[in-house]
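**Q** Using the sequences and the hints given, assemble the complete structure.
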Amino acid sequence: MSYAIIRNQKYTKEQMIKLCPHNERYKQNYSNKNIDISKTYHNYHLKKPLENNYFKEFKRLKEQNNLKGQLHKNSIYACEMIITSDNSFFKEIGFDETKRYFKTSYDFVCNYKNLGEENIISAVVHLDEETPHLHITFIPVVDSKNKYGNSIRKIGGNDFWKERNSYMLLQDRFYECVRMNGFNLERGKNNPNKTHKTVEELKKETNFYEVKEKLNDNERNSSIYTSIKSFLNYEQFTPESVENNLLKPLLNENNKLMNEIKNLKLELAKNENFIQYYKNMQNENIYLKEKSHSKEIEINAMYNLITKLNNEKDILLETLQQYGINLNEIDKEQK
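Read in order, the letters of the sequence shown correspond to residues 4 to 338 in this note's numbering.
Any given hint could turn out to be false.
SDA-like mimics (lysine to any residue), calculated; alpha carbons at most 20 Å apart, straight line [unchecked claim]:
#	residue 1	residue 2
1	Lys59	Gln73
2	Lys50	Tyr115
3	Lys102	Val127
4	Lys13	His75
5	Lys94	Glu189
6	Lys165	Leu118
7	Lys30	Leu137
8	Lys157	Phe58
9	Lys316	Ala304
10	Lys51	His25
11	Lys94	Lys106
12	Lys62	Lys165
13	Lys116	Lys94
14	Lys150	Gln73
15	Lys165	Lys106
16	Lys106	Glu17
17	Lys282	Lys265
18	Lys157	His75
19	Lys13	Gly72
20	Lys116	Arg167
21	Lys76	Glu17
22	Lys50	Ile96
23	Lys62	Leu137
24	Lys268	Asn257
25	Lys42	Lys102
Don't read these hints as lab results, they were simulated from the structure. As the structure is a prediction and not an experimental result, all values here were calculated from the model.
**A** So, in structure tokens, the structure goes:
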């Protein structure tokens, strides 16, 4: 049986800033060996930050939503929930249900402890690793009162997770949510003494490495048609997503085809050179045949001339004999 997996991590300002390039895939190379950048265009957002930096987006939302609270260097600026299951679960339910699972999870987090979607910094689904998973980065906001007794919304990571068993309660509520929405998953065993899993431990639990070893080249190098199908299943049709996740892959495929055409042209040029060489050899052969034919005509002419002279000699001898002239005797007299 597969498990409904949700985990939370708290981040200071500096940690939140470093989180952004990984989640948003701003880098060209990653130390995480599970990321296949050729599949990154499959990733999609349930909420995309307007700024290209999580701290800038944090400040924008703080001002826009009139969030209160005193923050210092080591304060909790943001939290991140990672939601997933094991790979067999996603393969079994297929694309559409995978998308619904993450949308259900996103709605759950938005409503958890009255957080509000407006306080979500980013929500992105990663499909370029072995097991699909959702990263939701949010500002931990709680209801509070100011010194005048007025209701305010305040940033408070410690207050948001103030219950001693807060993570256990999170697991309980999330499990109830996904089961109620028709996903056949189990909840992990309750263990209050168990330490919180790291990302690496989570990947091992969800079979990242085992599955990767079993993938063959055909699965890892899917065709452009599969990529387009995945895009249609997962992406929203915004100008940016169409450009990055549809047009660019098509252009890359077009460039590959152009390179193949270039190589074919080179091979064709080689063949044309060979054909020209063959034609030249044919012409040379024709020339030699014509030259041989001319020599044959000359030889035949000389043979005919010799034959004619021999015939004329015979006629001359017969004429001389009629007049009693002997050539042999004439030869003796001359000598």
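**Q** What's the verdict on Lys157 and Phe58, does the C-alpha distance respect the 20 Å limit or exceed it?
**A** holds (17 Å)
**Q** Quick one, are Lys316 and Ala304 close enough, alpha carbons at most 20 Å?
**A** Holds. Lys316 to Ala304 sits at ~18 Å (cutoff 20 Å).
**Q** Is the Cα-Cα distance between Lys62 and Lys165 20 Å or less?
**A** Outside the cut-off at roughly 24 Å; violated.
**Q** Holds or violated: Lys51 and His25, Cα atoms, limit 20 Å.
**A** Holds - the C-alpha atoms of His25 and Lys51 are around 14 Å apart, at most 20 Å.
**Q** Is the Cα-Cα distance between Lys157 and His75 20 Å or less?
**A** Cα-Cα ~14 Å, so holds.
**Q** With a cut-off of 20 Å on the C-alpha distance, tell me whether Lys62 and Leu137 pass.
**A** Violated - the C-alpha atoms of Leu137 and Lys62 are around 23 Å apart, more than 20 Å.
**Q** With a cut-off of 20 Å on the C-alpha distance, tell me whether Lys13 and Gly72 pass.
**A** At roughly 17 Å apart (the allowed maximum being 20 Å), Gly72 and Lys13 satisfy the hint.
**Q** Tell me if the straight-line CA distance from Lys282 to Lys265 falls inside 20 Å.
**A** violated (25 Å)
**Q** Verify the proposed pairing of Lys94 with Lys106, using a straight-line Cα cut of 20 Å.
**A** Holds. Lys94 to Lys106 sits at ~17 Å (cutoff 20 Å).
**Q** CA of Lys76 to CA of Glu17, is that 20 Å or under?
**A** The given pair, whose Cα atoms are some 8 Å apart, holds under the 20 Å limit.
**Q** Regarding the pair Lys116 and Lys94, is the alpha-carbon distance no greater than 20 Å?
**A** The given pair, whose Cα atoms are some 32 Å apart, is violated under the 20 Å limit.
**Q** Straight-line Cα separation of Lys50 and Tyr115 no greater than 20 Å?
**A** Judged against 20 Å, a Cα distance of about 16 Å means the pair holds.
Hint compliance for this structure: hints 12, 13, 15, 16, 17, 22, 23 are not met, and every other hint is.
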